[in-house]
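Visitor: Residue-level listing of the chains:
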Amino acid sequence: MSQRKKIVSLSTIGLDSPGLVSKITTKIFEMKGNITDVEENCRRGLFSIFLAVDFSASKRSVDEITRSLKAIEMETGLKFILGTFDEHGMTPVSEDENYVVTILGLDRPGIIARVSTLFHKYHINIENCRMIARGKFFSMEMAINICKMMTGPYLSHDEAMEKMKAELKDLCAEMNQSVVIQKEDTFKRLKKIVVFDVESTLVQDSSLRDFVEKIREVSKLMDSEAKPKDDRKDEAQVLIDNAPKLKGMPIRDFEKFSETLALNPGALELIQILKSMGFKIALLSAGFDCFMKKIFEVSGADYAFSNTLKVDENGIITGELEEPILTSATKNEILELIIGMENISPDQVIAVGDGSALSRLPKDMGLTIAFRPGDTTTRADGIFSGDQIINILYCLGIPKTELDKHLKRSP
Amino acid sequence: MFCIQTETLKLRLQVIRVDSLLEHEGVIPHVADKLILEFKNWAILENPVIVDENNIVLDGNHRTYVFKKLRFRYIPVCKIDYFSKSVSLRYWFRMVGGIRGLGPLMQIVEEMGGNLRKVSNKESLVKRMEENRFACGIQQGDSYTLVRFHEEVVNDAVGAYEVLEKIQDKLIQKDLRISYIPCQSIHDSDFCNGLKDSEIVIWTPQIAKEMVVDAAKRKRIFAPKTTRHLIAARPLNVNAPIHWFKEDVSLEEIDARFSRFLQEKEIRRFGPGQVIDGRYYEEELFVFYERR
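So the sequences go chain by chain: A and B. Numbered continuously in the working numbering, the first sequence closes out at residue 411. Numbered continuously in the working numbering, the second sequence closes out at residue 292.
Keep in mind that the hints are not guaranteed to be accurate.
No more than 16 angstroms apart at the CA atoms, straight line, and that leaves these computed lysine to aspartate or glutamate pairs for EDC-like [what the hints assert, rightly or not]:
{"#": "1", "chain 1": "A", "residue 1": "K247", "chain 2": "A", "residue 2": "D312"}
{"#": "2", "chain 1": "B", "residue 1": "K209", "chain 2": "B", "residue 2": "D156"}
{"#": "3", "chain 1": "B", "residue 1": "K85", "chain 2": "A", "residue 2": "D312"}
{"#": "4", "chain 1": "A", "residue 1": "K294", "chain 2": "B", "residue 2": "D156"}
{"#": "5", "chain 1": "A", "residue 1": "K214", "chain 2": "A", "residue 2": "E255"}
{"#": "6", "chain 1": "A", "residue 1": "K275", "chain 2": "B", "residue 2": "D277"}
I should point out that these hints are in silico values taken from the structure, not numbers from a laboratory.
Can you make the complete structure from the sequences, with help from the hints?
Guide: Here's what the structure looks like:
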């Protein structure tokens, strides 16, 4: 029969000074303790550490061990809280059941309270919680464990998780907060490429509407019988549908129209920061290449795919598009091609788009973020409701120090 | 051999002997050195060199230089019909930045025996350069100057670009910046309006395809950054293992292996205007990728 493990937990807090970790861990080592978990923090001159230590190999009694550890209090001025457990009372470590939840938006009272109450309702354990951004803009990262999650009588574990995610997204939408929920193992996986659906993330909605309106007006003039589609939901599709009606227009005139298109504030900076962090950038657009070329020239994207209007030798639009035509429905094929060319796996890809753009992408993406989606029921990992697309950076699991360094450098 | 037939051009992907390649343009040393380092460590050649029927390198001078330098036996190429309408030959103009007036440039040209003559406008410069195929032009704002050298100094296009290279070196010695711009840029009104007072454009002599072929066959090498070939279609992402091309096997064997390798891949065609691996392509693309 195997011997039960002697587990001692140690939490301590006090003023920081050099050598605290060394003093505590050396004492543990001297008593043949094995540290099985540790979390140390140092904030604003205050030091705190949590340790779970297995003393099964120690011949000392638990009382002796705790007395020895308590003795460090006198020496260091730290306050110790000690507890003893056996391993059966503890939650096993299982990364499969761990998720990382990132919440961000303008700060307001009650965010943590309401989110943690929701987790409590589902019996979800918050294992770690840290602020990534403080001040007017709030960003928090929570590591949660769902192994003891309540599923209810009719739901499977996965269904319950989906229900909880939907509830959390609704709750955050209600508080005007963006939220991203990722499995911890995927979260930790090194991401290589960030893919943007250009129309739904980088281009300002109003400028895209103006552009489409201009195209509609021109196509009416070019083809008096034409009845342009009135579907405002997919502006890029309107452009594709109206391409034949542009026949006869000089491409230079058409390119002038595209000057009305403008990028969302922070979009360019976001791409530049992501690039400086080593990410590759892919832009997918069901629009035309003249605008993509401009974004490419200023951002230096690694991949950019869009549609090209065919022109004759005099630079006049023929009304045809170069095959294959890139539509919202075929973007996933291009993404798969990029994944193949980069020789990476889909879980190393971060995709940013609106709900509908993301719903067509392969299911095993590393992270999908819906930028200002029409509704919160999208199957994306995260819903980003803020105006500043640059804040997506807070969802990528980049350490704060690293993030600050890049944000300071950005123009 | 593996063929891709496009609407206007036939792309023949095959392996040839490295020593059969004919370069027509020199390399930029620091670019070549960097590429040598990369190829020593790289396991694959992403894109084949583009050559004509005579194995004259049209695109990929630096890769050719590296393959020769690293003593490869073979190299994968994409052979095309150079004289097809789908292959255009452009050239690079030089932009001199940070210069105060025409003085320093005129002095260098005169020291090298060049003859400078002001012309009234852009059209006039174009006409004069058509009449004098080895002449250069200088543009500063709306002011245009024709530059000619005596026949003893310049008697062919390669010679004209050699002189230009020497002028360029002297300008660099004077701490002036040189950049390369596509020759068509000067017809773009935005470009001309955007020219600063401290910027001068050197119009380089017009080159014809026949001159490229002639120079390559006579092993006369144009200065780096002379020609700019616009090829209507190109293969990408071939990713052939480079160690194959050092093997002591016959040309037939390595070519057959390369063809089988390509046959096992998928190809996706893209129209012009796409960006792949940080480069904007104005041409039709045939992108190879692994079958899943």
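Visitor: Does each hint hold? Answer for all of them.
Guide: Hint check results:
1. For a cut-off of 16 angstroms, the pair hint linking K247 of chain A to D312 of chain A stands: about 10 angstroms separates their Cα positions.
2. In summary, the hint linking K209 of chain B to D156 of chain B is supported, as the alpha carbons are separated by about 14 angstroms, within the 16 angstroms threshold.
3. Distance hint between K85 of chain B and D312 of chain A is fulfilled; the C-alpha atoms sit about 14 angstroms from each other, no more than 16 angstroms.
4. With a C-alpha separation of about 39 angstroms, the suggested pair K294 of chain A and D156 of chain B falls outside the 16 angstroms cut-off, and the hint is violated.
5. With a C-alpha separation of about 12 angstroms, the suggested pairing of K214 of chain A with E255 of chain A holds against the 16 angstroms cut-off.
6. A C-alpha spacing of about 13 angstroms is found between K275 of chain A and D277 of chain B, which places the hinted pair at or below 16 angstroms, so the restraint holds.
In this structure, only the earlier hint numbered 4 is contradicted, and the remaining ones agree with it.
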